[in-house]
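As a plain string of letters, each chain reads:
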Amino acid sequence: MSLEATIGVRLGALTLDVGLDAQPGETVVLIGPNGAGKTTLLRVLAGLLPLDSGRIAVDGHVLDDPVRGAWTPADRRPIGFVFQDQALFPHLSALENVAFGLRARGVRRQDARRRARAWLERVDMAEHAAARPRALSGGQAQRVALARALVPEPRVLLLDEPLSALDASTRVDTRRELRRHLEAHDGVRVVVTHDPVDAMTLGDRVIVLETGRVVQAGPLAELRERPRSRYVADLVGVNLYRGAADGERIRLRGEGELVAAGHARGEVFAVVHPRAVALHRHEPEGTPRNVLPGTVEHLDVEGDRVRVIVAGAVPVTAEVTPAAVAELELTAGAAVWASIKATEVSVYPA
Amino acid sequence: MSRRTRSRPPVAVAILAAVAVVFFAVPVVGLLQRAPWSELVGDLSDPVVRDALRLSLVCSLGATALAFVLGLPLAWVLARTELPGRRFVRALVLLPMVLPPVVGGVALLLAFGRRGLVGQYLDDWFGVRLPFTTWGAILAEAFVAMPFFVIVVEAGIRSLDRRYEEAAATLGARGFTTFRRVVLPLIAPSLVAGAALTWARALGEFGATILFAGNLQGKTQTMPLAIFVQLQTNLGGAIALSLVLLAVSIVVLVSLRDRWFPA
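Sequences listed follow chains A and B, in order. Taking the numbering used here, the leading residue of the first sequence gets 1, the next gets one more, and so forth. Taking the numbering used here, the leading residue of the second sequence gets 1, the next gets one more, and so forth.
One chain only, chain A, in its complex shape (with noise of 0.2 Å):
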């Protein structure tokens, strides 16, 4: 029981070419910059959007095949979407749009009632059984949305962007809440967004996507750790260098160069994470054997850390404490040197 596609879309100027495999209980996200092709990925396998080329499967039963003339219509797949903006009908109440996929598949009124009565309950939002989608903040309609969808008891969920339609506040709990009642689902899940907390938050893998390939995929620890493209190091907060490696001395794109511990040779990548930075006001002496010179472009106050980016031969970000931008009265323009050890550069092959 599992989903097994291969995508291939042309629309526009996005061509989509994906492959995305995934088991019963596991949660897949899809992250990616807008116009990366993650919505329309979404609507192939919803059958919203019919496969230029390739198959979609799931438990072994092809929804999707071009070549062989395979298809099933959207109503017919066992797959729940739940849409960006939730897309409620705004004339039912919220207990008729839970129930009504149930009465779509032919469940007796009475019988469809009851159960979107339960599931109401399990999402807390029986209280607002009667009320009509306009009556019902962000984060209601977003449970209201995701009972509508797992009611049918779908093989394969997907969720467009869930929480991006809710205010900082209530995303919090939301999210909470939507990774518990994923886990309490036994299919597929597959979550598309673009916020590196919902990834880390809601998913067992993660699948980077942009213009339409896959650029890098595995677990969120993997990416912080070896991330393989500029969107990926941004999405994951660190300081991502290529360049050419030969022993301990790492010759940069571009300009500059780093120094590591260990051997490498050949086309690498480095990641530095900005915790591992240290910033001075004077050029620094004694044991780092990375300093580079800079002026400090802009601060970020990420809660009780403040992350300084740094422009120069070798640009790079640091992550310091209030207390140390106080002290080292860091202000946009300031000069600054960063120092990093040599042990805390990780190298490996590009």
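Quick caveat, the hints were computed from the structure, so don't treat them as lab data. Hints are not guaranteed to be accurate.
Computed, partial: chain A to chain B, Cβ under 10 Å [as the list claims (entries may be wrong)]:
id, residue
1, 43
2, 46
3, 48
4, 50
5, 54
6, 67
7, 69
8, 75
9, 77
10, 79
11, 81
12, 85
13, 92
14, 100
15, 102
16, 155
Ideal placement from N, C-alpha and C gives every residue a C-beta, glycine not left out.
Starting from the known structure of chain A, fit chain B onto it as the hints suggest.
Only chain B this time, still in chain A's reference frame:
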């Protein structure tokens, strides 16, 4: 007062605009002023007038029903499919809106008349004769009025967010279930507006009806036809019927004001 801050129109423009208002208002006033209010009930119970009232109701509702049955699928096809020649079809549907109704009547006669393109076979094969029957009157009214329904409903379907239909599909709803449970309720305002306009237009239909269906009391003589005849013999009856049609027009206008005349 915001009104005072608005710029005043030049005098000549104001005068011409006032003339236009008077031009629209005077006929209505004239009709109301000549209305035999005390004898209205008597005038309306005249057999000819009563036949016309009944027949108009039957024919206009029949034409509206026909517009619903045929116009709704057509509106859906125009709004939701990539049919080749769609623009041509839309132009064809719109034609009766600009075509003089009398020409429509001639065309209907040549198509569905006893010697007409289709009419001869209807007669030969099924023994169906449409001209000079109540069915003919319904057909003539539908020909002229249905475009209003198709245009309004097509616009309604077109402006409906497709994601609702897609959501219904992912929930297992087949095409017809989606149409009945999602599309129809969501375009209800368009259906009501389209039906009201169609009905009002059918109710006033004169040219196509008199040419195709004739002017037979109790059979094809609807209110506009009766007014035309009564004007020469029974002015009171003509005015009474005119008042009925005026009242209907005002009701339709008022009930659709939010849709067509937003403040």
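A quick look at each hint next to the structure:
1. With a cut of 10 Å, the hint placing residue 43 of chain A at the interface with chain B holds, because the nearest CB-to-CB distance is about 8 Å.
2. With a least beta-carbon distance of about 5 Å to chain B, the hint placing residue 46 of chain A at the interface is held under the 10 Å criterion.
3. Taken as an interface hint, residue 48 of chain A checks out: its beta carbon lies about 5 Å from the nearest beta carbon of chain B, inside 10 Å.
4. Here the hint on residue 50 of chain A is broken, as its CB sits about 13 Å from the closest CB of chain B, past 10 Å.
5. A cut of 10 Å between beta carbons decides the hint on residue 54 of chain A: the least distance to chain B is about 20 Å, and the hint is violated.
6. Restraint check, residue 67 of chain A versus chain B: the minimum CB separation of about 24 Å is more than 10 Å; hint violated.
7. The interface hint given for residue 69 of chain A is broken, as the beta carbon of that residue sits about 21 Å from the closest beta carbon of chain B, more than 10 Å.
8. Given the 10 Å rule on beta carbons, the hint for residue 75 of chain A holds: about 5 Å separates it from the nearest Cβ of chain B.
9. Restraint check, residue 77 of chain A versus chain B: the minimum CB separation of about 8 Å is within 10 Å; hint holds.
10. Interface restraint check for residue 79 of chain A: the shortest CB-CB distance to chain B comes to about 7 Å, inside 10 Å, so the restraint holds.
11. Among the interface hints, the one on residue 81 of chain A holds; its C-beta lies about 4 Å from the nearest C-beta in chain B, closer than the 10 Å criterion.
12. Given the 10 Å rule on beta carbons, the hint for residue 85 of chain A holds: about 8 Å separates it from the nearest Cβ of chain B.
13. Interface restraint check: residue 92 of chain A against chain B, minimum CB-CB distance 8 Å, threshold 10 Å, status holds.
14. For residue 100 of chain A, the shortest C-beta to C-beta distance to chain B is roughly 5 Å, which falls under 10 Å, so the interface hint holds.
15. Interface restraint check for residue 102 of chain A: the shortest CB-CB distance to chain B comes to about 9 Å, inside 10 Å, so the restraint holds.
16. A least Cβ separation of about 13 Å between residue 155 of chain A and chain B goes past the 10 Å threshold, and the interface hint is therefore violated.
Consistency note: the structure conflicts with the earlier hints numbered 4, 5, 6, 7, 16.
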